[in-house]
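Visitor: Those protein sequences? They're chains A and B, same order as listed.
For what it's worth, my numbering labels the leading residue of the first sequence as 92, then goes sequentially.
For what it's worth, my numbering labels the leading residue of the second sequence as 92, then goes sequentially.
Hints are computed from structural coordinates only; laboratory data are not their basis.
All figures in this text were calculated on a predicted structure; none of them were measured in a lab.
Mixed in with the good hints there might be a few duds.
Pairs involving identical chains hold if they fit within one copy or between any two copies, as the list cannot separate such chains.
What the hints assert, rightly or not - Dumping the calculated SDA-like pairs for lysine to any residue here, alpha-carbon to alpha-carbon at most 25 Å:
(1) LYS355 x GLN139
(2) LYS355 x THR236
(3) LYS355 x TYR145
(4) LYS355 x ARG142
(5) LYS355 x GLN331
(6) LYS276 x ALA138
(7) LYS307 x GLU366
(8) LYS355 x ALA371
(9) LYS307 x HIS330
(10) LYS355 x SER136
(11) LYS355 x PHE186
(12) LYS355 x HIS287
(13) LYS307 x LEU237
(14) LYS355 x PRO319
(15) LYS276 x GLU102
(16) LYS355 x LEU369
(17) LYS355 x PRO344
(18) LYS355 x GLY320
(19) LYS307 x PHE186
(20) LYS355 x ARG238
(21) LYS276 x THR389
(22) LYS355 x GLN189
(23) LYS355 x ARG399
(24) LYS276 x GLN189
(25) LYS276 x GLU169
(26) LYS355 x ALA372
Number of protein chains: 2
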Amino acid sequence: MVRDRIVRLYEVGGPEVLRLEAVPPEAPRAGEVRLRVHAIGLNNSEAQYRRGEYPLRDTTFPTRLGRECSGIVEALGEGVTSVSVGDVVSTIPAFDIQRGGVYGEWAVVPAGVLVSVPDGLSHLEAAAAWQQYLTAYGPLIEHSTLRPGDTVLITAASSSVGRGAIQMARLLGCRVIAATRNPAKRDLLLASGAHHVVVTDEEDLASRVSAITDGKGFRVALDPIAGPGLRTLAEAAGHQATIFEYGQLSRDPAPFPLLDVLRKSLSIRGYTLWEITLDAARRRRAVDFISGHLARGTLRPAIDRVFRLDDIVEAHRYIESGRQTGKIVIDVAGDSDGERQPRSP
Amino acid sequence: MVRDRIVRLYEVGGPEVLRLEAVPPEAPRAGEVRLRVHAIGLNNSEAQYRRGEYPLRDTTFPTRLGRECSGIVEALGEGVTSVSVGDVVSTIPAFDIQRGGVYGEWAVVPAGVLVSVPDGLSHLEAAAAWQQYLTAYGPLIEHSTLRPGDTVLITAASSSVGRGAIQMARLLGCRVIAATRNPAKRDLLLASGAHHVVVTDEEDLASRVSAITDGKGFRVALDPIAGPGLRTLAEAAGHQATIFEYGQLSRDPAPFPLLDVLRKSLSIRGYTLWEITLDAARRRRAVDFISGHLARGTLRPAIDRVFRLDDIVEAHRYIESGRQTGKIVIDVAGDSDGERQPRSP
Numbered sequence: 092m093v094r095d096r097i098v099r100l101y102e103v104g105g106p107e108v109l110r111l112e113a114v115p116p117e118a119p120r121a122g123e124v125r126l127r128v129h130a131i132g133l134n135n136s137e138a139q140y141r142r143g144e145y146p147l148r149d150t151t152f153p154t155r156l157g158r159e160c161s162g163i164v165e166a167l168g169e170g171v172t173s174v175s176v177g178d179v180v181s182t183i184p185a186f187d188i189q190r191g192g193v194y195g196e197w198a199v200v201p202a203g204v205l206v207s208v209p210d211g212l213s214h215l216e217a218a219a220a221w222q223q224y225l226t227a228y229g230p231l232i233e234h235s236t237l238r239p240g241d242t243v244l245i246t247a248a249s250s251s252v253g254r255g256a257i258q259m260a261r262l263l264g265c266r267v268i269a270a271t272r273n274p275a276k277r278d279l280l281l282a283s284g285a286h287h288v289v290v291t292d293e294e295d296l297a298s299r300v301s302a303i304t305d306g307k308g309f310r311v312a313l314d315p316i317a318g319p320g321l322r323t324l325a326e327a328a329g330h331q332a333t334i335f336e337y338g339q340l341s342r343d344p345a346p347f348p349l350l351d352v353l354r355k356s357l358s359i360r361g362y363t364l365w366e367i368t369l370d371a372a373r374r375r376r377a378v379d380f381i382s383g384h385l386a387r388g389t390l391r392p393a394i395d396r397v398f399r400l401d402d403i404v405e406a407h408r409y410i411e412s413g414r415q416t417g418k419i420v421i422d423v424a425g426d427s428d429g430e431r432q433p434r435s436p
Numbered sequence: 092m093v094r095d096r097i098v099r100l101y102e103v104g105g106p107e108v109l110r111l112e113a114v115p116p117e118a119p120r121a122g123e124v125r126l127r128v129h130a131i132g133l134n135n136s137e138a139q140y141r142r143g144e145y146p147l148r149d150t151t152f153p154t155r156l157g158r159e160c161s162g163i164v165e166a167l168g169e170g171v172t173s174v175s176v177g178d179v180v181s182t183i184p185a186f187d188i189q190r191g192g193v194y195g196e197w198a199v200v201p202a203g204v205l206v207s208v209p210d211g212l213s214h215l216e217a218a219a220a221w222q223q224y225l226t227a228y229g230p231l232i233e234h235s236t237l238r239p240g241d242t243v244l245i246t247a248a249s250s251s252v253g254r255g256a257i258q259m260a261r262l263l264g265c266r267v268i269a270a271t272r273n274p275a276k277r278d279l280l281l282a283s284g285a286h287h288v289v290v291t292d293e294e295d296l297a298s299r300v301s302a303i304t305d306g307k308g309f310r311v312a313l314d315p316i317a318g319p320g321l322r323t324l325a326e327a328a329g330h331q332a333t334i335f336e337y338g339q340l341s342r343d344p345a346p347f348p349l350l351d352v353l354r355k356s357l358s359i360r361g362y363t364l365w366e367i368t369l370d371a372a373r374r375r376r377a378v379d380f381i382s383g384h385l386a387r388g389t390l391r392p393a394i395d396r397v398f399r400l401d402d403i404v405e406a407h408r409y410i411e412s413g414r415q416t417g418k419i420v421i422d423v424a425g426d427s428d429g430e431r432q433p434r435s436p
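Next up, chain A with everything else stripped away, as it sits in the complex (with noise of 0.2 Å):
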């Protein structure tokens, strides 16, 4: 059977415009490599590119998409010797998806944004891990000095990066306190190792904070909400917090909350993953870190559901319900059949 179906994008629209079809692999070029995709993960930011939600520069259609996967090394580009055929690998969110986009069966992809998959981590969980977790790594730890104690609030806490800074942040040792609007997502947070959760829809989140942190606040938040809600964050805050920014779910403006952010000596800091991932020594302390806790399992991607790439339309319509708790992946190599298996090349 060949394989070499790809998902391509024609024009701007609903999860319908996502279109599969075989398309020959292409040879990779000076500094690329070619990989054989096992497993995809998605992200809400793909369905907002995809919705033209995203400035398209420089765009042309068709184009590829995705920057999240997990797959076998097939074919090396000229000057390439980071890596060899057969390696397996997955690739940190950091280059152009309209040449390297993932979604497919195969996809061709810059030598330097792959990392070795750790020993005993599954191509659907490290297809699964990158975005979340280069996401949380920059506030909690290249941009703080967190300490074993201080406590950290994280909002849309059952958003993959919500649930994977829930756990770097207990492994700093910290106080977690997850914010949902959903009280049905309660106990899957408690589980997912928060130590606190706010309902927002039914309690009022800065006279949580402030009970459980006997008046302190938290130090450092991660809100990729913004909207009215960062007048709360700032109430909710401790002495000299920052509050880290890092997307605009909320589409109503944000007042700046000027009497808070002066008495308390408060930073509202936006942020990207790109902070670490375009930054040569930023990122490889985060992938050292990272991967160290993917091969011991101190962290461990929550996989929320996994669709075929026959399904990338109905992969799209999921994470557009805002259902999801944790990560959306697609098997592409049939990896989740039967046994689950640590990897199958």
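Put chain B on the given structure of chain A with help from the hints.
Guide: Showing chain B alone in chain A's frame:
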């Protein structure tokens, strides 16, 4: 002539609530020092306090006022060994004004807030130095990693902190852009050391900063205004820039500029000089740095106008007029009479 007059506040209100009255000098308690005050530096925050715009926690009337002065040590409380009677000192503004307010001919302050007045600096200058340079020190030195050639934007640039910040940023080798609303202040700001002046009522700040920096934007901004202008600051900011908010001169709400914050990984950070003055190590570094430059004349406080203690009400009216460009100082002991003397105990 007995010189025992001090300024007290029996109620909050307009400048006329400042009462100058004879009160016998108090004995300093353990850890305190009594000063014979020669000059007082006025601050806008004192007018706000007088108007009742600060939360008057635990204030009992009558209360004293003022935190910046220069003078001579006159009496020592128990256990004070850091200064001797006759020393020429000034106060760094980090103590309770209820007991320690310095508006008057004498003041009793904690010994720990006294610093030696460097040779060559007059009492008037020594009373004008600390609030402005300590305020500028935090954002420019302690909380940033500015390098020569980096661009610093200073808003409300003709204020005393603004002018102090211009001098300090130039010491670091930075390119300084001063923003002011008033075209009449352009020449003064250029003479104060600003490389560029943007008159915000006449010019578009973001496009001027972009033109000056070849599209790179500023690295650090010091802004005591906030309000709707925060959006413009975010527009003018460079990648990973920091905007320090240290006041609330604007009465209008500030929108949080999420898109620029995300796109450029901006930090917006609240700042008060208490972050420096209440932290022993930071304060020592700051005082050493500023004292050294005051002694060499590489920092030199700009004095806008000198009043007599009898004219304290008029001085407060003037501070509220917003017409000053630099520091307003009260000459308590007549040091500015006749020929200018470096200091005259």
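Visitor: Can you list which hints this structure breaks, lowest number first?
Guide: Of the numbered hints, 15, 23, 24 and 25 do not hold.
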